[in-house]
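Keeping the supplied structure of chain A fixed, place chain B upon it in accordance with the hints.
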Amino acid sequence: VGYRTIFAVGMLLFLGTFALNVVSHWLRERYRRMAG
Amino acid sequence: MSAWKASRGDRLLQGAGLGVLVIALAMLTLLLVDVVRDGAHRLTWTFLVSYPSRHPALAGVWPALTGTLWLLVLTAALALPLGVGAALYLEEYARQGRWSHVIEVNIANLAGVPSIIYGLLGLGLFVRALQMDRSLLAGASTLALLVLPMIILTTREALRAVPSSVREASLALGATRWQTIWHQVLPQAMPGILTGLILSLSRAIGETAPLVTIGALTYVPFAPDSVWSPFTALPIQIFNWVSRPQQDFQANAAAAIVVLMVVLVTMNGLAIWLRDRARRRRTT
Numbered sequence: 001v002g003y004r005t006i007f008a009v010g011m012l013l014f015l016g017t018f019a020l021n022v023v024s025h026w027l028r029e030r031y032r033r034m035a036g
Numbered sequence: 001m002s003a004w005k006a007s008r009g010d011r012l013l014q015g016a017g018l019g020v021l022v023i024a025l026a027m028l029t030l031l032l033v034d035v036v037r038d039g040a041h042r043l044t045w046t047f048l049v050s051y052p053s054r055h056p057a058l059a060g061v062w063p064a065l066t067g068t069l070w071l072l073v074l075t076a077a078l079a080l081p082l083g084v085g086a087a088l089y090l091e092e093y094a095r096q097g098r099w100s101h102v103i104e105v106n107i108a109n110l111a112g113v114p115s116i117i118y119g120l121l122g123l124g125l126f127v128r129a130l131q132m133d134r135s136l137l138a139g140a141s142t143l144a145l146l147v148l149p150m151i152i153l154t155t156r157e158a159l160r161a162v163p164s165s166v167r168e169a170s171l172a173l174g175a176t177r178w179q180t181i182w183h184q185v186l187p188q189a190m191p192g193i194l195t196g197l198i199l200s201l202s203r204a205i206g207e208t209a210p211l212v213t214i215g216a217l218t219y220v221p222f223a224p225d226s227v228w229s230p231f232t233a234l235p236i237q238i239f240n241w242v243s244r245p246q247q248d249f250q251a252n253a254a255a256a257i258v259v260l261m262v263v264l265v266t267m268n269g270l271a272i273w274l275r276d277r278a279r280r281r282r283t284t
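Residue numbers (our numbering), protein chains in the order written: chain A, 1 to 36; chain B, 1 to 284.
Hints are supplied without guarantee of correctness; some may be wrong.
Which bits of chain A does chain B cover? Going by a derived footprint, with three or more residues having C-beta under 8 Å, they are [unchecked claim]:
| id | stretch |
| --- | --- |
| 1 | 7-14 |
| 2 | 21-32 |
Far from chain A by the CB rule (all over 10 Å, computed), these chain B residues [as the list claims (entries may be wrong)]:
| id | residue |
| --- | --- |
| 3 | L13 |
| 4 | A26 |
| 5 | M27 |
| 6 | T266 |
Honestly, the hints are just simulated from the structure, not real lab data.
For every residue, glycine included, the Cβ atom is placed at its ideal position computed from N, Cα and C.
Just chain A, with the same shape it has in the complex (with noise of 0.2 Å):
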């Protein structure tokens, strides 16, 4: 269980870098639409 809970931690990370960078790239797309 040990050496698995290493991977549901990594896990969590890399879904909360994921929906940083999904907001990111939606705020950018907006911001591009509303300049252009």
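Frame of chain A, contents of chain B only:
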């Protein structure tokens, strides 16, 4: 707004920018001076060619230095063809659509993922599933995965910067798509690709977390002699020495930081020279 106000705004912005630059450079200089002052007395040839020891005065960085150099070469050898190939496909061959957009977003996301995640991936895939154990190849493969998104992104930017007229002229003269890419597009994009590689490898050389995660050793009394050898690297050695309470090991860590920076600057200098040479060849 009057001209006087506009020029005052310009001067203010210029002054603020200069101030920020001076603060950043001063902090960097302070850090460098502090490290060099702490470690200068340990920087000898014996320190470079000695193996780690329990006695700080006898300890050296030879296994870590050779491990770092091995890692650099292997990482570049694995990541460069894969990264440039993927970027070439995405930029020159793939159709622009929903899937290519999804792939683009994912590559941008992977470039920002914390390095320890790559360490976990390396542990699960290379060390366990592919049974590479704690070898140099497993470490270099993990670091190659880490820098791959950065190389893809910078290579794509370099390919985009090549004017489309170059491609059109080449195709109009009867060259095939591959001939156009190999003889026209890639040479023109090479300076940009090399810049991306320099930045990516500079990141890889300083990474500790993924190597610690895959189980790189902290005490290695031998230099690696093949890609299957267990290894350590300079950041791990520095981390090891810094975490010890004795003052002499702290000095060793400072000296190892200077060695790491010299390796980094030398490597960057070499890559910049190669890049400039490629640029000069294109213009003459």
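Could you tell me which of the hints above the structure violates, numbers in ascending order? none
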